[in-house]
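Residue-level listing of the chains:
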Amino acid sequence: MVSIDSTKEDLNLVIKVTGDVDASSSIFLDNALEEAIGNNERRIMVDCKELDYISSAGLGVFMSYIQEFENNDTQMVLYGMNAKVKNTFEILGLDQLLKITQNKEEAIELLK
Amino acid sequence: MLQHTKNIQRLSLASSILSWAGLMVVDLILIFSKVNEIEYGGLETTSKLLLNLWFISLFVYYQYQVNRAENINFIDLLWRVFATGLIATLVAFSIRFLFYVLSNHDFVKNILTINFFYHINLGVISAFLISTFVVYKRLILYQKARNLYRIWQVFQYSLLVAVFLNFIALPVLSTPYLITLAVLILLGLFLSANLKWVAYLNFKQKWKSILLLLLIIIYVYYFFIYLFTASEGGVLQTNLYENIFITALFAFIVLYTLFSLLVILFNLPTSSVFEQKLEDVLNFQRLSQSVQAGETEEQVFDILMNSSISAVLADAAWIEASMDDKPFLIKHQIKGETIKKVQKFIEESKSRNILERGLSRKFGYSKFSASIKHEKYKSALVVPIIVKDEIIGRMVLLKDIKEGFNKEMLEIVNTFANQASISVENTRLLTDALENERYKEELKIAKRVQMALLPDKLVENDSFEMVGFTKAAAEIGGDYYDTYEIDKYTTAIVIGDVSGKGTSAAFHMSQMKGIFQSLGQLNLSPDEFLNRANTALSKCLEKTSFITLTYYIVDTKNQSVVFSRAGHCPTLYYNRNKKEATYFKNKGLGLGIIRNSEYNKYVEVNNFNYSSGDIMLLYTDGIVEAQNEKKEEFGYERLQSLLLTYNELNLDDLQNKIIEKLYEFCESTILNDDYTIVLVRFK
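Keeping their order, the protein sequence lines are chains A and B.
In terms of my numbering, the first sequence opens at residue 1 and continues consecutively.
In terms of my numbering, the second sequence opens at residue 1 and continues consecutively.
Since the hints were made in silico from the structure, they are not lab data.
It is possible that part of the hints are untrue.
Claimed, not checked - In silico lysine to aspartate or glutamate, EDC-like type, Cα no more than 20 Å apart, as pairs:
id: 1; chain 1: A; residue 1: Lys86; chain 2: B; residue 2: Glu632
id: 2; chain 1: A; residue 1: Lys84; chain 2: A; residue 2: Glu34
id: 3; chain 1: B; residue 1: Lys657; chain 2: B; residue 2: Glu633
id: 4; chain 1: B; residue 1: Lys204; chain 2: B; residue 2: Glu279
id: 5; chain 1: B; residue 1: Lys630; chain 2: A; residue 2: Glu90
id: 6; chain 1: B; residue 1: Lys601; chain 2: A; residue 2: Glu90
id: 7; chain 1: A; residue 1: Lys84; chain 2: B; residue 2: Glu279
id: 8; chain 1: B; residue 1: Lys367; chain 2: B; residue 2: Glu337
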């Protein structure tokens with residue numbers, strides 16, 4: 001199970017993901033990103049510190065927004081991943097398409 | 001009908017006809033002998049015996065005839081009595097007419113003639129009496145109760161005894177005669193109180209019965225008078241008027257006919273209530289069987305509305321509901337605009353009578369009747385329809401008189417509404433169950449497709465050997481591996497994993513196979529293959545689906561392998577010379593992530609040379625991500641060390657060993673995800 005919390009910090013939207021994102025819970029992540037688009041958020045930070053596991057379904061959700069974000073000039077940074085999760089992104093190659101940083105500070109820097 | 005019963009019927013019919021004819025003959029002989037003063041001993045007794053036999057055979061015959069009809073239709077039974085009476089009356093009338101026409105002839109004044117025709121009348125009248133007796137028996141015993149049956153048996157046997165009393169010439173109206181008659185009449189009276197069958201007649205049938213019963217009384221009266229007057233002449237050999245059995249029968253039949261007539265008459269005003277109740281019960285049955293009958297929700301509501309309207313005699317009604325978030329309305333005898341107006345009146349009504357508060361205090365859950373000030377409708381009954389504690393609809397019944405709904409009406413409508421709720425819920429559950437079945441079927445098909453796509457024979461040649469093992473999880477995944485022999489020295493190998501679940505994964509897997517098998521012929525380099533595969537797949541992958549793949553081309557002439565990794569798990573390679581097992585590190589991107597030619601930028605081609613004894617281990621994430629109870633993953637290190645430890649084994653054993661260790665780690669042979677392992681050993 002997963003819990004998603006979205007909070008606005010200055011100009012950035014911080015989406016905190018806690019738990020496992022698998023086939024059944026990926027919909028919540030999708031909804032949060034959908035909502036962000038709907039609110040015209042241009043700077044999105046995804047806090048992955050408490051993200052334990054992400055399945056192909058969850059990866060698919062991130063992947064599906066790449067083109068859309070590029071189209072309307074939205075930036076998204078993922079930060080704080082643990083080694084396992086980071087490895088998952090790297091094997092698939094998503095690290096070449098998504099911005100991933102170690103921590104929140106780097107993420108904020110990247111979005112400026 | 002059983003042969004046995006048929007025989008008895010035939011036998012009794014024959015017996016009755018014979019005994020009647022015999023009676024006729026014997027009586028005529030007796031008269032003749034009296035006139036001519038010849039003595040025939042024992043003939044009197046024979047005559048009496050034949051009479052009794054005639055009665056008994058008639059009884060048996062009618063008993064079997066009436067019982068043959070399995071379906072008791074009361075009106076039919078009464079018709080039967082009426083018809084027999086009619087025939088008897090017609091016969092009697094014809095004889096009377098004959099006597100009238102020939103009244104001045106000596107022929108009709110002759111004793112023999114009189115007796116002859118009397119016997120004919122005797123025949124039809126006793127047939128009428130006994131057949132009526134049998135029909136009435138059926139009506140009385142309609143609702144069998146043990147005590148009732150016992151008393152009836154007593155009555156019947158007493159009558160049988162009375163039949164044989166003709167051997168004792170009891171003078172009419174003597175004390176013993178009167179006492180015997182009184183006993184029989186009292187028994188008959190007691191039994192005549194069983195008139196339950198009357199309640200089951202509808203209004204029309206009641207009127208028909210009244211008519212029939214009146215006519216029957218008239219017949220009975222006529223026959224009695226006839227027997228009386230015939231007896232006055234004093235010339236009869238066998239005189240039914242003196243027969244205690246016949247008199248008792250008359251009494252019984254008159255009593256029962258009169259009672260039935262009176263009870264039907266007095267039940268006429270209330271018969272409509274009973275009919276209404278019966279109809280309500282039938283409607284309820286219809287509602288409760290609507291699920292088996294395959295009715296849809298709309299049909300259930302329709303039955304509900306119509307049953308309620310008929311139960312409370314409403315002038316108009318409607319049901320509004322929301323089904324699948326779509327508004328639904330059915331109405332009866334009322335226009336749409338009127339509904340809106342009446343709704344307003346109901347809401348504004350100050351005089352509401354809450355007949356039943358819902359379980360929830362929320363407004364809208366209660367059932368109530370209200371007085372409304374509409375020009376046409378004066379009272380309304382509002383009943384919400386609740387499924388699983390949720391209001392899915394509301395039924396409104398209207399009447400054009402004030403206070404038209406009472407508590408009894410609400411109770412009936414309530415029962416209907418509750419039953420409708422159950423039926424609707426059942427319909428929904430059934431639909432869900434069917435969908436579930438369909439989904440399960442779909443999964444089964446997808447699994448079969450998946451299994452069929454994997455190669456059953458892997459390439460085998462002098463340069464390398466290969467084994468593969470794959471197991472699908474309960475839910476469909478999409479592991480795929482395949483080989484293609486391009487030519488004598490070149491072989492393509494592919495291993496891949498389709499993301500997403502269900503039938504779409506199996507579909508994409510079959511697409512992948514198609515792409516691989518057809519592109520394989522072209523001997524493309526790995527990057528060309530991946531680019532084309534990406535283009536082909538991008539057109540039909542779902543928004544969030546992608547495919548990971550590694551594509552190898554083994555060149556056995558040069559002992560080299562060229563490959564490209566499209567986001568798939570890194571290849572594990574055992575180098576026999578260095579005795580090392582390492583994961584290849586190379587860049588790559590899964591297929592379907594970038595769905596245009598930009599993808600090309602992310603494709604990296606690698607190559608290496610192999611030596612004899614080297615092992616290439618291909619696998620899917622189902623292996624490394626397999627978890628045990630403590631949620632620990634099998635992991636890359638374990639796989640690595642296993643290859644290091646057991647590389648000396650032959651390939652099959654090595655494969656089995658790895659799987660064994662995997663199961664050991666997970667403490668189960670059933671894993672949550674698909675897992676695949678392919679081993680290639682270079683010779």
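Which numbered hints turn out to be false for this structure?
Checked against the structure, the hints that fail are numbers 2, 5, 7, 8, while the rest are satisfied.
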